[in-house]
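Undergrad: Sequence:
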Amino acid sequence: MRRTHEHMNIMDQVKEQLKTEIAAAIEAAGLAWGEDVPEIVLETPKEKSHGDFASNAAMKLASVAKKAPRAIAEDIVNHLNTDKASVKEIEIAGPGFINFFMDNRYLIDVIPEVLDQGADYGRSDVGKQKKVQVEFVSANPTGNLHLGHARGAAVGDSLCNILDFAGYDVTREYYINDAGNQIVNLARSVESRYFEALGMDMEMPEGGYQGADVRQFGEELASEQGDRFVHVEEEERLEFFREYGLKREIEKLKQDLEQFRVRFDVWYSETALYTNGNVEETLQYLHDQGETYEEDGAVWFRSSRYGDDKDRVLVKNDGTYTYLLPDISYHRDKFGRGFEKVINIWGADHHGYIPRMEAAVQALGHDKEQLETQIIQMVNLFENGERVKMSKRTGKAVTLRDLMDEVGIDATRYFFAMRSPDTHMDFDLSLAKSQSNENPVYYVQYAHARLCSIFRQAEERGITFDPAADLTPIHSEKELDVLKKIGEFPEEVAIAADKFAPHRMTTYLHELASAFHSFYNADRVMDAEDEPKTQARLVLAKAVQTTVQNGLDLIGVNAPETM
RNA sequence: GUCCCAGUAGCUCAGCUGGAUAGAGCAACAGCCUUCUAAGCUGUAGGCCGCAGGUUCGAGUCCUGCCUGGGACACCA
Numbered sequence: 001m002r003r004t005h006e007h008m009n010i011m012d013q014v015k016e017q018l019k020t021e022i023a024a025a026i027e028a029a030g031l032a033w034g035e036d037v038p039e040i041v042l043e044t045p046k047e048k049s050h051g052d053f054a055s056n057a058a059m060k061l062a063s064v065a066k067k068a069p070r071a072i073a074e075d076i077v078n079h080l081n082t083d084k085a086s087v088k089e090i091e092i093a094g095p096g097f098i099n100f101f102m103d104n105r106y107l108i109d110v111i112p113e114v115l116d117q118g119a120d121y122g123r124s125d126v127g128k129q130k131k132v133q134v135e136f137v138s139a140n141p142t143g144n145l146h147l148g149h150a151r152g153a154a155v156g157d158s159l160c161n162i163l164d165f166a167g168y169d170v171t172r173e174y175y176i177n178d179a180g181n182q183i184v185n186l187a188r189s190v191e192s193r194y195f196e197a198l199g200m201d202m203e204m205p206e207g208g209y210q211g212a213d214v215r216q217f218g219e220e221l222a223s224e225q226g227d228r229f230v231h232v233e234e235e236e237r238l239e240f241f242r243e244y245g246l247k248r249e250i251e252k253l254k255q256d257l258e259q260f261r262v263r264f265d266v267w268y269s270e271t272a273l274y275t276n277g278n279v280e281e282t283l284q285y286l287h288d289q290g291e292t293y294e295e296d297g298a299v300w301f302r303s304s305r306y307g308d309d310k311d312r313v314l315v316k317n318d319g320t321y322t323y324l325l326p327d328i329s330y331h332r333d334k335f336g337r338g339f340e341k342v343i344n345i346w347g348a349d350h351h352g353y354i355p356r357m358e359a360a361v362q363a364l365g366h367d368k369e370q371l372e373t374q375i376i377q378m379v380n381l382f383e384n385g386e387r388v389k390m391s392k393r394t395g396k397a398v399t400l401r402d403l404m405d406e407v408g409i410d411a412t413r414y415f416f417a418m419r420s421p422d423t424h425m426d427f428d429l430s431l432a433k434s435q436s437n438e439n440p441v442y443y444v445q446y447a448h449a450r451l452c453s454i455f456r457q458a459e460e461r462g463i464t465f466d467p468a469a470d471l472t473p474i475h476s477e478k479e480l481d482v483l484k485k486i487g488e489f490p491e492e493v494a495i496a497a498d499k500f501a502p503h504r505m506t507t508y509l510h511e512l513a514s515a516f517h518s519f520y521n522a523d524r525v526m527d528a529e530d531e532p533k534t535q536a537r538l539v540l541a542k543a544v545q546t547t548v549q550n551g552l553d554l555i556g557v558n559a560p561e562t563m
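37 is the number that the working numbering gives to position 37 of the first sequence; each next residue is one higher, with no gaps.
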């Protein structure tokens with residue numbers, strides 16, 4: 001069930017009102033008119049002593065108004081109508097900041113909003129239901145998902161959740177590279193293991209897959225099918241092994257990802273691009289548009305027209321296609337399906353591929369901006385302070401499954417969500433595994449568990465929860481701090497969506513949890529002597545609980561009822 | 001050689017379109033559990049933001065050069 005909330009969050013309303021008043025004051029003071037009035041930005045200062053909101057409008061105006069920022073600030077403040085905005089106090093500080101200290105009682109109004117909207121609190125319509133497609137993970141179906149894929153899965157899924165929550169119409173897609181040489185290799189690897197299981201000798205192909213999964217396939221085939229494939233023509237045999245290996249590998253991918261709480265709407269097969277004629281059509285299209293030429297017996301794509309370093313081969317001189325051509329076809333298909341924006345989440349090893357893909361998208365008649373490629377940087381694994389070396393050849397690399405088994409899903413997802421996706425990260429296994437306060441995932445989860453505990457206690461004491469309780473007893477600084485954080489949630493989601501920055505969500509959650517823990521330690525929710533306060537605080541607690549839960553949902557981390 | 005990412009507190013990392021005294025967690029130190037879960041709270045300490053120039057009212061943020069670490073640069077996929 002999708003609901004969008006057209007009306008503005010109470011915090012937005014207050015901020016917008018204040019911005020309007022500031023803009024009016026600028027004109028009233030004769031500092032600037034119409035278009036010369038800069039966009040008013042209200043930021044929340046890091047330092048609490050700098051007020052609830054701060055504006056740098058006076059500094060922005062310095063060049064236009066040709067006056068000193070502080071003098072401008074005074075002009076603005078003198079002409080400001082504070083009646084409509086909940087402003088308690090204004091000060092001019094530093095180089096010309098105008099700091100607003102608000103009468104924060106208005107924040108109480110976020111509570112009914114949260115309770116009304118429940119699991120939808122934080123949802124917005126900034127995405128305007130724009131159709132976006134996000135392709136991520138897309139690991140070759142030839143083995144296990146490793147560390148890098150795990151990061152891509154966590155980041156990609158969280159990002160999709162965030163985009164969806166911010167009002168985009170999101171389709172999650174996994175591109176299955178089931179058509180290239182690597183699949184021939186897979187078939188041969190299965191074949192080799194099959195013969196091996198039968199006690200016969202068959203060499204592993206060059207670059208074959210050494211993983212335990214392939215070995216298992218061979219053994220299963222041998223025990224289920226006996227030696228019948230030994231007597232089958234090689235071509236037919238390999239075709240069967242190809243199909244079989246592929247099916248099993250994809251099943252395994254789906255299983256692992258599902259367990260990691262990552263689901264795709266579409267599993268798109270590369271082979272389908274060939275069978276439905278898309279690849280041929282794309283080649284023809286590029287040819288007709290004059291985007292290709294022949295040279296040295298190969299067909300080249302004029303990608304350098306669109307900023308690529310050099311042109312790229314689409315059809316090799318032996319007549320076979322390069323990887324690029326089906327990839328272009330795939331992107332043509334994406335846009336053909338009506339997506340306004342296509343987001344690729346790729347591993348760092350593909351970054352050199354971006355310019356040619358951007359070139360392709362433009363050659364297909366789309367804007368460069370319609371394609372967004374987010375690079376997932378490398379992950380270095382550490383355990384007990386030491387770097388864990390990984391080797392692909394021996395299949396000894398740490399897999400997504402290892403992480404889920406050893407570290408747990410919540411900690412793994414939180415750790416990946418915590419970091420900016422396009423920067424290198426160290427993954428500390430010992431830390432992720434540790435069940436102590438050193439592990440940051442528990443801080444947020446603990447806040448949720450504490451809240452649940454409060455409600456259990458309330459029930460035991462026979463206190464009935466009344467969502468419509470009078471909220472006037474809520475006025476302490478700690479309470480209002482918590483409410484302010486809650487009120488910021490929709491905007492934080494929107495920013496995270498806009499910046500492709502899931503890590504902003506963990507930062508936010510940590511701050512929210514911190515505000516709550518601080519309140520919890522300072523004040524008691526339930527006070528036998530004060531029934532109205534107890535009722536009001538329970539409602540506040542419910543709002544915190546809902547917001548924490550919604551935030552954790554976005555990054556795919558459970559909100560536990562007990563620790 | 002060209003390109004991408006990074007270099008911020010002892011460690012891991014934030015820092016939104018340039019804004020105030022550069023933030024958080026962990027680690028360190030000092031306090032807080034007869035009261036809703038101490039996986040918590042309160043406080044202290046910790047920094048030539050890799051180096052050097054430049055742009056301007058103002059630079060961790062933008063530009064140039066350099067240093068260090070990681071990665072990418074196929075008619076492979």
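Honestly, I wouldn't trust all of these hints.
[As the list claims (entries may be wrong)] Restricting the straight-line Cα-Cα distance to at most 27 Å, the calculated cross-link-like pairs of lysine-lysine (BS3-like) are: (1) K128 x K67; (2) K88 x K60; (3) K128 x K499; (4) K478 x K533; (5) K499 x K484; (6) K389 x K48; (7) K341 x K130; (8) K484 x K533; (9) K484 x K88; (10) K499 x K533; (11) K128 x K254; (12) K84 x K478; (13) K254 x K316; (14) K19 x K128; (15) K484 x K542.
By construction, these hints were calculated from the structure, which means they are not laboratory data.
Undergrad: What hint numbers does the structure not satisfy?
TA: Hints 1, 6, 10, 11, 13 not satisfied by this model.
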